[in-house]
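Fit chain L to the given chain G structure using the hints.
2 protein chains.
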Amino acid sequence: MSLEQKKIAVLAEDKYENLEAWYPILRLREAGVEVDIIGRDAGCEVCKSKEGYPLKVDFKAREIDPADYDGVIVPGGYAPDRLRRCQNVLKLVKYQAENNGLVAAICHAGWVLASANILKGKTVTSTSAIRDDLVNAGAHWTDEEVVVDGNFITSRHPGDLPAFMKAILEFLIS
Amino acid sequence: MSLEQKKIAVLAEDKYENLEAWYPILRLREAGVEVDIIGRDAGCEVCKSKEGYPLKVDFKAREIDPADYDGVIVPGGYAPDRLRRCQNVLKLVKYQAENNGLVAAICHAGWVLASANILKGKTVTSTSAIRDDLVNAGAHWTDEEVVVDGNFITSRHPGDLPAFMKAILEFLIS
Numbered sequence: 001m002s003l004e005q006k007k008i009a010v011l012a013e014d015k016y017e018n019l020e021a022w023y024p025i026l027r028l029r030e031a032g033v034e035v036d037i038i039g040r041d042a043g044c045e046v047c048k049s050k051e052g053y054p055l056k057v058d059f060k061a062r063e064i065d066p067a068d069y070d071g072v073i074v075p076g077g078y079a080p081d082r083l084r085r086c087q088n089v090l091k092l093v094k095y096q097a098e099n100n101g102l103v104a105a106i107c108h109a110g111w112v113l114a115s116a117n118i119l120k121g122k123t124v125t126s127t128s129a130i131r132d133d134l135v136n137a138g139a140h141w142t143d144e145e146v147v148v149d150g151n152f153i154t155s156r157h158p159g160d161l162p163a164f165m166k167a168i169l170e171f172l173i174s
Numbered sequence: 001m002s003l004e005q006k007k008i009a010v011l012a013e014d015k016y017e018n019l020e021a022w023y024p025i026l027r028l029r030e031a032g033v034e035v036d037i038i039g040r041d042a043g044c045e046v047c048k049s050k051e052g053y054p055l056k057v058d059f060k061a062r063e064i065d066p067a068d069y070d071g072v073i074v075p076g077g078y079a080p081d082r083l084r085r086c087q088n089v090l091k092l093v094k095y096q097a098e099n100n101g102l103v104a105a106i107c108h109a110g111w112v113l114a115s116a117n118i119l120k121g122k123t124v125t126s127t128s129a130i131r132d133d134l135v136n137a138g139a140h141w142t143d144e145e146v147v148v149d150g151n152f153i154t155s156r157h158p159g160d161l162p163a164f165m166k167a168i169l170e171f172l173i174s
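If you read the protein sequences in the order shown, they are chains G and L. Each residue of the first sequence is one higher than the last, beginning at 1 in our numbering. Each residue of the second sequence is one higher than the last, beginning at 1 in our numbering.
Extracted from the complex, chain G is given alone in its bound form (with noise of 0.2 Å):
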């Protein structure tokens, strides 16, 4: 399957991460991968990121169906900490996970991999803020700017974003 069949999830949240949320959406568009903006049930319509940038929800979790999607890519900020709270982006985030979706987070993120309760022998990384968390979760946790472990890819920060979507594209393109 090229690229342009290919159809990926990020999600969305008040206080996202401008840059973790912006440049996956950008540059997967750009080689032609198709992009849906997933909110919660109950979350925002515009989200905003922790400066105040809007991103329109496409969906609500509820709305979609995991089984359409070839992954989830979770930005970090704080929307993290809300987005976990919503069972239908928790049944999307499992789904992919094992069925060989693409599951990729970054920074906060791996919280909702944690309540997706995935992360069992997994190797990750993020932001050293949530460790603790990723590894009471079961996960072994490394301080890499990406770590790729079947099809979960995770990264720490903004700074990691270039090395991230070079291994979501390789992921993809695979």
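Since the hints were made in silico from the structure, they are not lab data. Relax, there's no trap hidden among the hints.
Any copy will do: because identical chains look the same in the list, a pair fits if it lies in one copy or spans two.
As a list, the in silico SDA-like pairs of lysine to any residue whose alpha-carbon atoms are at most 25 Å apart:
#1 LYS60 / ARG131
#2 LYS120 / THR142
#3 LYS91 / ASP143
#4 LYS60 / ASP132
#5 LYS94 / GLY138
#6 LYS94 / ARG131
#7 LYS60 / SER128
#8 LYS56 / ALA129
#9 LYS7 / ALA31
#10 LYS60 / ALA129
#11 LYS56 / PRO158
The structure displayed is predicted, hence computed values, not measured ones.
This is chain L only, laid out in the frame that chain G set:
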């Protein structure tokens, strides 16, 4: 010991929840308790709540002796995400946990207790957003306005503050 002989540390960082810091500070001072505001070693000197309300730090965590205090209160908001990154903050919290000092946490403050590695077997509450992190750290989690388990006192959100402070004062008097 009377309340006038007690000294409590309240932790401060940017993005603290306004009332979860200020109601305990004022209520304890009204009761005659000495209150110090303790910040991260690398943290703010005048911390700002999520809305920008200022809270001046009295001492950095490295400047105090945990044994000089009778307990620690950790307000919520997103301040705990930063507080947990400071080893001397965790040392203070762990010292209180292990020496029958007050360990009080509300809302997202449980993250600091998780990183202090003091939650195994403890019954606690919190904002439901971080329930999974506390359970993964070994706690029993329950949804109540205040939970007292020995020297651990926890609540869920600002609406629980009256019950939270009543339990804290009862612990300090006993």
